[in-house]
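Trainee: Single-letter residue listing:
2 protein chains.
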Amino acid sequence: MAANSQFAMAVHILTMLARSGDTNVKSECIAASVNTNAVVIRRLLGQLSAAKLVISQTGAFGGTRLARCPSEISLCEIYKAVSCGEVFALHAKSPSQDCPVGKNIEAVLCNLQKEIDKSVGEKLGQYNLQNVIEQIEGVPI
Amino acid sequence: MAANSQFAMAVHILTMLARSGDTNVKSECIAASVNTNAVVIRRLLGQLSAAKLVISQTGAFGGTRLARCPSEISLCEIYKAVSCGEVFALHAKSPSQDCPVGKNIEAVLCNLQKEIDKSVGEKLGQYNLQNVIEQIEGVPI
DNA sequence: ATATCTGTAACAAGTATAGTTACAGAGCCG
DNA sequence: CGGCTCTGTAACTATACTTGTTACAGATAT
Numbered sequence: 009m010a011a012n013s014q015f016a017m018a019v020h021i022l023t024m025l026a027r028s029g030d031t032n033v034k035s036e037c038i039a040a041s042v043n044t045n046a047v048v049i050r051r052l053l054g055q056l057s058a059a060k061l062v063i064s065q066t067g068a069f070g071g072t073r074l075a076r077c078p079s080e081i082s083l084c085e086i087y088k089a090v091s092c093g094e095v096f097a098l099h100a101k102s103p104s105q106d107c108p109v110g111k112n113i114e115a116v117l118c119n120l121q122k123e124i125d126k127s128v129g130e131k132l133g134q135y136n137l138q139n140v141i142e143q144i145e146g147v148p149i
Numbered sequence: 009m010a011a012n013s014q015f016a017m018a019v020h021i022l023t024m025l026a027r028s029g030d031t032n033v034k035s036e037c038i039a040a041s042v043n044t045n046a047v048v049i050r051r052l053l054g055q056l057s058a059a060k061l062v063i064s065q066t067g068a069f070g071g072t073r074l075a076r077c078p079s080e081i082s083l084c085e086i087y088k089a090v091s092c093g094e095v096f097a098l099h100a101k102s103p104s105q106d107c108p109v110g111k112n113i114e115a116v117l118c119n120l121q122k123e124i125d126k127s128v129g130e131k132l133g134q135y136n137l138q139n140v141i142e143q144i145e146g147v148p149i
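Top line first, the protein sequences correspond to chains S and B. Residue numbering for the first sequence is 9 to 149, as defined by our numbering. Residue numbering for the second sequence is 9 to 149, as defined by our numbering.
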C-alpha cells in the first residue's frame, strides 16, 4: 500500500459530494463507499478544504459539501490540492560536480520535470467534476 | 529515500554513455558521477539493456555503451524502460460496489490514467538524448 | 591462470502511504 | 445546560517501495 492513491480517492470523494448537492455528507458515509477508514477521508477532506474545494461543518448534523458547483472544479485543481509527488523524482543525492554531466544534468531534468508537470496539469484541466459525474452516469464525455 | 529517481538516473547514465561514443564505460565510473553505488547503476543498466537501449559486455575491459545513436533514443523510451509507476495510482482497495459512484469510478479513473500517461509519453517523446547532451553543453534546446 | 568487469541475490536502512485508535472541540437539540 | 454527533488531528502500526551495501558466480581479455 505504498502507491499514492490520494488523487483517485479525492475524485471519488468530490464526486459523491457533487451528487449530494447542498446536503452535508458525513465522512463515515464517504468512507463506506471508498472502502477505507473515515480518518483517511477526513485527512483528504482537510486538504480539499484548504484548497477551498469543499466546506466542512463540525458538530451534530455536520459534514462536508462542495464549495462550488461541479462544472467549476477541474481535475487539475483536485490534483494540485492533494499532495501528490511529481511525475518523476530528481536525484536523491546530488551528482558529482566534478563530472560535466553530473554538474548540469539536474538543471536539465528540473526543467523537464516542470514541463511534464505543466503538461499533466493542462490535460487534467480539460476535465471537471461534472464530466466525471456524466461518465459515471453513463453519458459519454 | 522512497521517491523513484530511476528515470533521472537513467537519463544521467545514458547521457554519459552517449558522450563516450563506442568506448565501454564501467559501472563504477558511472556510479561516481551519479554519486551512488555501482550495483544501483548495474540494476538500471539491466533494465536499459532489456529495452535494447544499451549493450553490456562482461569480463575484463567490459562495460556498457549505447546501442543506438543519441538522436534515436527518445526520453519516452527511457521512461518506459525503467520501472516507473503511473502518474497517479488507482484505489488501493476496491470501492464499494453497492454505491453507484464506487461501482463506476474505477473505470473512469482508469481511462483518465491511460490518457494522462499517453500525454506524458508524447511530451517526453518530443525530446531525445541528443537534445539533453546539447542542453548540458550549453546549447539551448 | 589471473585480473577485471558484469549480473544478480540477499539483506539492511530509510521513508511514504494507509489503517487504526483515541480524544479534544464544535455545534445542534431537547 | 447536558448529551449527542460530528470534524480535526495526533500518535502509533503495518506494509511496501526505493536505495545502499556486501558477496559471489560467471564471462572475458591478457
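Treat the hints as calculated values from the structure; they're not laboratory data. Hints are not guaranteed to be accurate.
No copy is singled out in the list; a pair is fine if it fits within one copy or between any two copies.
[Stated by the list, open to error] Calculated cross-link-like contacts (lysine-lysine; reagent style BS3-like; alpha-carbon spacing at most 27 Å):
1. Lys122 - Lys34
2. Lys126 - Lys34
3. Lys101 - Lys126
4. Lys126 - Lys111
5. Lys60 - Lys34
6. Lys122 - Lys88
7. Lys88 - Lys111
8. Lys101 - Lys34
9. Lys111 - Lys34
10. Lys88 - Lys126
11. Lys101 - Lys122
Bear in mind that the values here come from a model prediction, so they are computed numbers and not experimental data.
Trainee: Checking lysine 122 and lysine 34: alpha-carbon separation at most 27 Å within a copy, between copies, both or neither?
Mentor: neither (37 Å within a copy, 32 Å between copies)
Trainee: Under a CA distance limit of 27 Å, which applies to lysine 126 and lysine 111: within one copy, between copies, both, or neither?
Mentor: within (25 Å within a copy, 31 Å between copies)
Trainee: Under a CA distance limit of 27 Å, which applies to lysine 60 and lysine 34: within one copy, between copies, both, or neither?
Mentor: within (18 Å within a copy, 53 Å between copies)
Trainee: Are the CA atoms of lysine 88 and lysine 111 at most 27 Å apart within a copy, between copies, both, or neither?
Mentor: For lysine 88 and lysine 111, only the inter-copy Cα distance (25 Å) is at most 27 Å; the intra-copy one is 31 Å.
Trainee: Using 27 Å as the alpha carbon limit, work out where lysine 122 and lysine 88 are close: within a copy, between copies, both or neither.
Mentor: both (14 Å within a copy, 19 Å between copies)
Trainee: Taking 27 Å as the upper bound on the Cα-Cα distance, should lysine 101 and lysine 34 be classified as within, between, both, or neither?
Mentor: The answer is between: 20 Å across copies meets 27 Å, while 44 Å in one copy does not.
Trainee: How would you classify lysine 111 and lysine 34 at a CA-CA limit of 27 Å: within, between, both, or neither?
Mentor: between (52 Å within a copy, 19 Å between copies)
Trainee: Checking an output row: lysine 126 and lysine 34, CA cutoff 27 Å. Within, between, both or neither?
Mentor: Classified as neither: same-chain Cα gap 34 Å, cross-chain 36 Å, threshold 27 Å.
Trainee: For the identical chains here, do lysine 88 and lysine 126 meet the 27 Å Cα criterion within one copy, between copies, both, or neither?
Mentor: both (11 Å within a copy, 20 Å between copies)
Trainee: I want to check one pair: lysine 101 and lysine 126. Are their C-alpha atoms no more than 27 Å apart within a copy, between two copies, both, or neither?
Mentor: within (25 Å within a copy, 29 Å between copies)
Trainee: Can you tell me if lysine 101 and lysine 122 fall within 27 Å by alpha carbon in one copy, between copies, both or neither?
Mentor: Only inside one copy: lysine 101 and lysine 122 sit 19 Å apart there, 31 Å across copies, limit 27 Å.
In terms of the numbered hints stated before, the structure departs from hints 1 and 2, listed from lowest to highest.
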